[in-house]
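S.K.: Here is what each chain is made of, one letter per residue.
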Amino acid sequence: MRHGFTAIQALALSLALAFLVLPVVAVFLQVSPAAMLTQLGSETATQAIVVSLRTNLVADLIIIAVGTPAAWLLARHRVFPGRRLAVTLLELPLVLPPAVAGIALLVAFGRNGLLGHQLNALGLSIPFTEVAVVLAITFVAGPFYLRQAITAFEAVDPRLVQAAATLGAGPWRTFRSVVLPLALGGLAGGWALAFARGMGEFGATLIFAGSLPGVTQTLPLAIYSEMNRDLDAALAIGGLLIIIATAVLLAVKMIPSWNPTPASSPTSARRFATSSSTSR
Amino acid sequence: MGPSGAGKSSLLEAIAGLRSPRAGRITVGDACWFDADAGVALPPERRAAGVVFQDYALFPHMTVARNVAFGGRDRALEMMELTGIAHLAGARPGEISGGERQRTALARALASDPAVLLLDEPLAALDPGTRSEVRVGLARLIGRLAIPVLIVTHDMADAAALDCEVAVMDHGTIVQRGGHAELLARPATATVARLMGANLLPGTARPGPAGLTEVVLDAGGTVLSGEAGTGRVGVVVDPWDLTLAHGRPGDSQLNHITGTVASLTPTGNRMRVQVGPVVAEVTALSAERMGLATGAPVTVVFKALATRLVPLAG
Numbered sequence: 174m175r176h177g178f179t180a181i182q183a184l185a186l187s188l189a190l191a192f193l194v195l196p197v198v199a200v201f202l203q204v205s206p207a208a209m210l211t212q213l214g215s216e217t218a219t220q221a222i223v224v225s226l227r228t229n230l231v232a233d234l235i236i237i238a239v240g241t242p243a244a245w246l247l248a249r250h251r252v253f254p255g256r257r258l259a260v261t262l263l264e265l266p267l268v269l270p271p272a273v274a275g276i277a278l279l280v281a282f283g284r285n286g287l288l289g290h291q292l293n294a295l296g297l298s299i300p301f302t303e304v305a306v307v308l309a310i311t312f313v314a315g316p317f318y319l320r321q322a323i324t325a326f327e328a329v330d331p332r333l334v335q336a337a338a339t340l341g342a343g344p345w346r347t348f349r350s351v352v353l354p355l356a357l358g359g360l361a362g363g364w365a366l367a368f369a370r371g372m373g374e375f376g377a378t379l380i381f382a383g384s385l386p387g388v389t390q391t392l393p394l395a396i397y398s399e400m401n402r403d404l405d406a407a408l409a410i411g412g413l414l415i416i417i418a419t420a421v422l423l424a425v426k427m428i429p430s431w432n433p434t435p436a437s438s439p440t441s442a443r444r445f446a447t448s449s450s451t452s453r
Numbered sequence: 002m003g004p005s006g007a008g009k010s011s012l013l014e015a016i017a018g019l020r021s022p023r024a025g026r027i028t029v030g031d032a033c034w035f036d037a038d039a040g041v042a043l044p045p046e047r048r049a050a051g052v053v054f055q056d057y058a059l060f061p062h063m064t065v066a067r068n069v070a071f072g073g074r075d076r077a078l079e080m081m082e083l084t085g086i087a088h089l090a091g092a093r094p095g096e097i098s099g100g101e102r103q104r105t106a107l108a109r110a111l112a113s114d115p116a117v118l119l120l121d122e123p124l125a126a127l128d129p130g131t132r133s134e135v136r137v138g139l140a141r142l143i144g145r146l147a148i149p150v151l152i153v154t155h156d157m158a159d160a161a162a163l164d165c166e167v168a169v170m171d172h173g174t175i176v177q178r179g180g181h182a183e184l185l186a187r188p189a190t191a192t193v194a195r196l197m198g199a200n201l202l203p204g205t206a207r208p209g210p211a212g213l214t215e216v217v218l219d220a221g222g223t224v225l226s227g228e229a230g231t232g233r234v235g236v237v238v239d240p241w242d243l244t245l246a247h248g249r250p251g252d253s254q255l256n257h258i259t260g261t262v263a264s265l266t267p268t269g270n271r272m273r274v275q276v277g278p279v280v281a282e283v284t285a286l287s288a289e290r291m292g293l294a295t296g297a298p299v300t301v302v303f304k305a306l307a308t309r310l311v312p313l314a315g
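Note that the protein sequences, when read in sequence, are chains A and B.
Sequential numbering from 174 applies to the first sequence in my numbering.
Sequential numbering from 2 applies to the second sequence in my numbering.
These aren't lab readings, by the way, just hints derived from the structure by calculation.
Do not rely on the hints blindly, as some may be mistaken.
[Unchecked claim] Cβ-to-Cβ under 7 Å is the rule here; a few derived chain A residues that face chain B:
1) Leu333
2) Ala338
3) Thr339
4) Leu340
Note that the structure is predicted; figures quoted are calculated from it, not measured.
Glycine included, every Cβ here is placed at the ideal spot set by N, Cα and C.
Please build the complete structure, drawing on both the sequences and the hints.
M.R.: Okay, structure coming up:
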């Protein structure tokens, strides 16, 4: 009995692995590494790389700068009226289809949108600019960071915050030298997830920012536009995104080793074991 | 001291500024830290209260030296030497023993140059084996401090070993204050009687007859114990393990303390009888049958096996 069940489990695992890994492998089998490098040197690809990196960098800076204090507030005060509502609203973009996010951004910040008049008065037009790409990425990727950051801050023992205060440390010093170092691993993990999501952003960007080469055409949009013209070029960009995604995933897996928790609890002991095996 | 839920830790938190009371005043020396009527409520970082938390709350990502220096750079080295942890400077809290963690927390609190030291169950996180040893070190350290020290504990042995004024708290109010012996002999409430628990007789231990330990009591006389011990010890014996007799009975029990009844305190259907340094608890009925009265001569009898020995400071 037990034997048969194990066999079924092993089969299920093999199927899942094969199905999920095969397409990724296919990308690299289709185009040789040398051809891939050549393709990535094309104008379309280099422009898309620059647009993707620049917009994600700006979006991530905004996400971290606004998300970190917001998450600390939500983690520090576990009970206040409207907290659950606030957290739910912040998580909404996680479950929203990207196309909906794009059209929602358009009716909020577009020329005829909710804030269109005010933005027009300031001489600002956001849709189909690099700013629109940044807003789309911030909208869809921000909640990934926020969620992780709230979890990371909640994991910091409130006693340590109290201890710091009794030792004469004000809120700033407590945050800087106690809370931030202890939450850093979780924050970095949240950033990595947000970055991965932002690099892959497609639907919201296409609707809100369009796909203008050199301006709003990010790597995923470049794949879409190249696909019908030159499959190899599209695959090369796909390969690049796979490598970036893999790197982010590995970085997230290694994060516990950045978090210097004492070896007293069983979970941290396991973390140390994981980190030492991965760093070797 | 007090039963759990009495409000002991809340009191410490209120003094440290981690909790806001609804009414009242908190002053230390000339400084007012809290006054509900005047609207004064200093944040914890502006109160000079050194706190040692029950789980010590050491910063896990900092070394012992950096933990202590977080309290105050200038006094860090001095306090690490005072608490005997200078050799652990480079270790992290996860790498040192429970007793060493406690001393690190003490050094860190003292490095902030506090006006009052607050200790919340400072020995509760330790295993019983090391507790008595750490307790001796704590008593010695506190003896050297020139600031008021407030210790929350539920362990009578702490209160006895630290030789301090005991305030018993129950349901958020202090029901009795006094020395350990006084509270043991004349508990104001049943809660106090329950909490005070055992007698503690300080003395000096030496090897006795037939493998027993003989303790020369500071208050005079000797006690035989079945437990091993040397040097300064406290003989711990529960009041209900003490029997009272007239004259000197020729029984199998090894310990006899003769004296006069100093006080009689009824607690429910029992009677607390103080004879010299010890308190015996007998039923009110047998106290009546024996005709016990203040000033009457009586012998306290107990077995060597009913005693425990705890090490003491000094």
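S.K.: Using 7 Å as the Cβ threshold, decide whether Thr339/A counts as touching chain B.
M.R.: Since chain B brings a Cβ to about 4 Å from Thr339/A, closer than 7 Å, the hint holds.
S.K.: Return the status of the interface hint for Leu340/A: holds when the least beta-carbon distance to chain B is below 7 Å, violated otherwise.
M.R.: holds, 5 Å
S.K.: Report holds or violated for the interface hint on Leu333/A, using the least CB-CB distance to chain B and a cut-off of 7 Å.
M.R.: Leu333/A check passes; min Cβ-Cβ to chain B is 5 Å, inside 7 Å.
S.K.: Is the interface hint satisfied for Ala338/A? The criterion is a beta-carbon contact with chain B at less than 7 Å.
M.R.: For Ala338/A, the interface hint holds, since the closest Cβ of chain B sits about 4 Å away, which is under 7 Å.
In this structure, none of the earlier numbered hints is contradicted; all agree with it.
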